[in-house]
Each structure stands twice: as structure tokens, then as C-alpha cells.
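K.L.:
Sequence:
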Amino acid sequence: MIGWMHHTPRWAVISACGIAAVLLLVGASAHVTDLFSHGLHPYEWAPGWLNLYWSSLALFDTLAAVLLIRGKRRGIDLACAIMATDLAANWYAVHGIQHSNLAAQPGLQRLTGFAALVLGTAPIIRRHLTK
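In the working numbering, the protein residues as written are 13 to 143.
Each hint can be trusted.
Per label pair, the in silico range of CB-to-CB distance:
#, residue 1, residue 2, range
1, W103, E56, 18 to 24 Å
2, A93, A115, 23 to 29 Å
3, A93, V34, 15 to 21 Å
4, D89, A116, 28 to 34 Å
5, W57, I26, 35 to 41 Å
6, H111, W23, 43 to 49 Å
7, I81, S112, 32 to 38 Å
8, S68, H19, 35 to 41 Å
9, L64, H111, 20 to 26 Å
10, R138, A42, 25 to 31 Å
11, P59, K143, 33 to 39 Å
Keep in mind that the hints were calculated from the coordinates and are not lab data. For every residue, glycine included, the Cβ atom is placed at its ideal position computed from N, Cα and C.
Kindly generate the complete structure, drawing on both the sequences and the hints.
P.N.:
In C-alpha cells form, the structure reads like this:
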């Protein structure tokens, strides 16, 4: 592993985990709002499995955020799994279902940036978290 990864400052690890936790909680609150407003199928245009996946993020986003706040490796591992699958699901929805593109979808732009942050920092901060 690259030497500077071993010497990542504690403030950088805490900051990355804190930012990711806050943004995961923002996502969880959006999914909870959708659940209360529209039930398990908030997007009529999307297939059932996609609606259920997005609804499940109300739980999984919250869990990942709590684990990150507690400094657990499982938190960053779960956040990476969420970001990879959520990004794939949203790209599929935008391109495959809505026939749109990244430039026309600010939500997808933000999600792509957040996924890059989580997936890009995960290898650096993971080693500094507890099991």
C-alpha cells in the first residue's frame, strides 16, 4: 500500500466519515419521506424491484451512517456497496427507463459525485476504522 495511506491524519478520516454519514442521512430522510408519502412504490414509472431497492435505502443508508459515526469498517463497506448499487440503479433509471442523460439530471450528478467521494476515500480511511 502507498506510504501516505498509512499516515492519513485522524482529522481527515473523521471528516470523510462525517461527510459521508451526513450525506447518507440526507438520502435516508428522502427515502423515508417517499415511504411515508407514497408507500413502497413511490415512482410509478419505475419497475417494482427498483422501487423496493430505493425504499430499502431508508434502512441501509441509516445503518451505514450510524456505523460510520461509530468508526466501524462495516460502515464504509456498506456505504461502498450502497453507492455502487445506487449509482448503477440510478444510471439504469435515467438512461434505460427515462431515456435521459447525465447533463439533464442534477440528482444523478450529485449522486455520482458522492459515489466518487465514498468509493475514492474508502481504501484510504478503511484501515483507520475499527472492526
